[in-house]
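Novice: Each chain, letter by letter, is given below.
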Amino acid sequence: MEIRKLLFVTKFEELGFDALQSLLTLRNAHLEHVVFMNVIERDEVAMQRGLGYKRSEAVRLRERANIRFIDWAEDLFEQGMEVGVYIVVGNLIPQVIIAAEKEDADLIVIGCRDQSKLEMFYSGSDITELLKRSERPVLVYKPMARSGIVLEKPFEKPLLAVDGSPASLRAVQYIEKLKNVVNEVHLLYVASPKELKGTSNLNIQQLRKEKRKELEKVSEGLEDKGIRTRSHVYIGDTVEEIERAARECQSTIIVMGSSGRASWIERWIGSTPRTIAERSPFPTLIIPYQGD
Amino acid sequence: MAKLLLIDDEEANVRVMAISLRSDGYDVVTAYSGEEGLDVYEKENPDIVVTDIKMPGMDGIDVLKAIKERNPESEVIIITGHGDIDNAIEALKYGASDFINKPVRDDALAVALERALEKLDIKRRLNEYTENLEKEVSKATQELRRQSHFMEKLILTSQEGIVATDKKMKVVIYNPSAEVILGYEPETVINKKRAMDLFPKEVMRLYVARKHDSKSIKKLQWREVQVRDKNGIQIPVRFTGTFLYEKNNIMGSVAFMQDLREIKRLEKELLRSERLATIGQTVAGMAHSVKNILHGFKGGNYLMEIGFKKDDTEKLKAGWDMIQKNIRQTSELVMDLLSFSKERPPEYEPCRPNDIARDVCEILKETAHEHNVRILKDLDPAIGQVRMDPRSVHNILMNLASNAVDACIFDENIDKSRRVILKTVLEENGVVRFEVKDNGVGMTPDVQEKIFTSFFSTKGHMGTGLGLLVTRKLIEEHNGTIDMQSEPNKGTTFIVRIPFERVEGNLVNTDKH
Amino acid sequence: MGKKILVVDDDPDVRLFTQAVLEENGFTPLMANNGEEGEQMVKRQKPDLIVLDILMPKESGIRLYRKLKTDKEFKDIPVVVLSGIAEKSFLRSQKVLTEFGGDPVPEPEAYMEKPVDGDVLAETIKKVIG
Chain A
1 MEIRKLLFVT KFEELGFDAL QSLLTLRNAH LEHVVFMNVI ERDEVAMQRG LGYKRSEAVR
61 LRERANIRFI DWAEDLFEQG MEVGVYIVVG NLIPQVIIAA EKEDADLIVI GCRDQSKLEM
121 FYSGSDITEL LKRSERPVLV YKPMARSGIV LEKPFEKPLL AVDGSPASLR AVQYIEKLKN
181 VVNEVHLLYV ASPKELKGTS NLNIQQLRKE KRKELEKVSE GLEDKGIRTR SHVYIGDTVE
241 EIERAARECQ STIIVMGSSG RASWIERWIG STPRTIAERS PFPTLIIPYQ GD
Chain B
293 MAKLLLIDDE EANVRVMAIS LRSDGYDVVT AYSGEEGLDV YEKENPDIVV TDIKMPGMDG
353 IDVLKAIKER NPESEVIIIT GHGDIDNAIE ALKYGASDFI NKPVRDDALA VALERALEKL
413 DIKRRLNEYT ENLEKEVSKA TQELRRQSHF MEKLILTSQE GIVATDKKMK VVIYNPSAEV
473 ILGYEPETVI NKKRAMDLFP KEVMRLYVAR KHDSKSIKKL QWREVQVRDK NGIQIPVRFT
533 GTFLYEKNNI MGSVAFMQDL REIKRLEKEL LRSERLATIG QTVAGMAHSV KNILHGFKGG
593 NYLMEIGFKK DDTEKLKAGW DMIQKNIRQT SELVMDLLSF SKERPPEYEP CRPNDIARDV
653 CEILKETAHE HNVRILKDLD PAIGQVRMDP RSVHNILMNL ASNAVDACIF DENIDKSRRV
713 ILKTVLEENG VVRFEVKDNG VGMTPDVQEK IFTSFFSTKG HMGTGLGLLV TRKLIEEHNG
773 TIDMQSEPNK GTTFIVRIPF ERVEGNLVNT DKH
Chain C
806 MGKKILVVDD DPDVRLFTQA VLEENGFTPL MANNGEEGEQ MVKRQKPDLI VLDILMPKES
866 GIRLYRKLKT DKEFKDIPVV VLSGIAEKSF LRSQKVLTEF GGDPVPEPEA YMEKPVDGDV
926 LAETIKKVIG
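Protein chains in written order, with our numbering: chain A, 1 to 292; chain B, 293 to 805; chain C, 806 to 935.
To be clear, the hints were calculated from the coordinates, so they are not data collected in a lab. The C-beta atom is built at its ideal place from N, Cα and C for all residues, glycine as well. Only true hints are included.
Ranges between beta-carbon positions, derived for each pair:
1. B/A294 - A/R42: 52 to 60 Å
2. A/R244 - B/S623: 48 to 56 Å
3. C/P911 - B/E662: 52 to 60 Å
Among chain C residues calculated to face chain B with C-beta under 10 Å, some are:
4. T823
5. R897
6. F905
7. E918
Between the sequences and the hints, there should be enough to build the whole structure, so can you do that?
Specialist: Next comes the structure, spelled out in structure tokens:
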């Protein structure tokens, strides 16, 4: 599974040309085709409180998106890329899923606004829905931290969260494909404090040692493929520790597997990948695993 | 044929650029890192270097410095990230000849290269000319060198302006660079003026007393200040000054100045060129839009012609729909274009700002009403008739007020009663203050910071639209100011202050409406 | 029956217009929505000329053009590009693709940047098709 085709879902405000440009580093991992997608959502063109559908507004938004995409496309064409465009009216996530299927995209890129809580709640639920429904890897792209600056090489220093599950092994395989794009992979295992057999330093050291061993297998596999790795074991709340690790390792992106099968469990205990994707200031790449 | 060195760690970029440059007739050599770039530079001795700014290891700035060290005459063009103005300025400070934004488009690169070639040519001719001169001068110079006036020469030829005084602050040294900055002729300064005659008070305060530690002269702090030249014109300099002591007794003072005019000019030019570039992009975007619209018209027209000829209602209707759609788009585009027309000095004429505000409210009332937004007026009756450019004021208010209505429409909170207030106030000193206040979505500090600096562009991050850019331009042309206060979920207030000319004998003419 | 002309464009308005132009001038228009459909149509219908848009879903005109012009069977079918994408970008893109390891392809028989007059389009097609 190489990243040949990328579906770039944008509303322009949150995911602009600079983000797109940075993703072109994936050309070293066989990227050759970018499909732009702009979904004009019904409520943007609906009149207040469901008074009906404003056709002229839809036409206007469509034209505006079209002009931007033509401009972007010329740039990408001139760099030898293949380019496609979708501008559709409808509900964001279903339309994205349809387009991803139609185009057989290897990666969906979507922006997540880092703005007020209220807005995060709204756009967050979109991200959740997409992660729930997509059978394809999803990159939730964010301008880094508060600076608003887009990284030039987003895949340079990924933090790969591993927990030994089939889903996370899938994520490891995915990283292998990005061999020519990543510089150094930081592997992270977050152990739950419940796994500690006691509170002494010795217990902690023991747990670390144990988990480090598990990471070693993964790390050896990656090193065999010629990818530099570093391993870390953190103990604590999964979401918090992943974020802490990303900060401490100065990661450019967080990568994790997500198990579709366990979704019924996740409904009860909350899903780490989704929480990270929605809340973390880091770009997050989620690799779904459908089971066998 | 000019030789060009391309440095970028992205191999693909280098290959793509090399293709088009070779076809433009350049001899192109390439490197994939700063270090490799320097090696290639030594070996190939290219005329022009084009380097990416962000690279692992040696970055573009390092390369620039290293190359300028080897040969200050080299032309180095820096490729910067989109909107990365800080690095661009940094690069220019270190002597880059130009910078271009990523992604590099052929035309932008071509222009930069042409300029660099031109510069090289001028330098070459200058060199030929000075070489002759130098031969003549060198004889004399050698003579000079023997007479060991080394220190004096050092001061004379220093790029920094140096002003030294005796213990009574009377100027004893005033070198040519200082003359360039301050403009006074040396004979009117040396032994005639005191330091305080040359520098304003706040600059004099920067003289530091270093009584007990003569070594600390190394640690002098440079400050950016304004000095005034002979004609009273403010000149930006980096300044440092100190009193000189000998065994606890003051023996004089010395001040150093670095002329910042060139750098400031470059910074300004950079901003302007950045602005022009975004305008260029905007126009390019519009060109696409015009093309599309025209195509729509032609298509619709064609269908209608056939429809008439063959009495085919279906074709007629299809054609008519197409034309209608494009009429809407044309009117929008024309409005955009009009508001972004080239600079225009304000045309002052008698007008009533309150009437303009009323007009704007009237125009927006319908849209606002449709979305349950109330528009309120709070107009100062003391304003009356003044001389301003009514069209500018109208556009400014229209832009801000329709933004404000939008901000209310975008607000998700349905319980809130949404409103926009237009307020006018007569301020002292012949200024009218306009306030446009909404209780809509508001802006986060991040957005506020960018709102006036990020221009509309199809490639930009923010997409604030032409609106605010135009508004600010209009206000600046009218010598006015614009300020903003905003809080997320609370709302935004724009405050515009515009000076007016008085209408003869008619200033405090009360508002009749 | 007039000559068969394949129109590959994803914009319904443009298809409507181009179709009308072709019918008006005695050609038999065939329609395709995107590059992939276009390719299938070429194989099945062997058109006498192709009017090709560039920016489309599935497969852009740039790739389809390359495929056709490097295929022994189809390389002689004349292509008229009708697009909002600038000719310069099209040519540059072909040059870059060739450099990245492809066969060189000739320039299209005609390149028309939108906006295009119906009559001019018809004339161009007639001239190309001979």
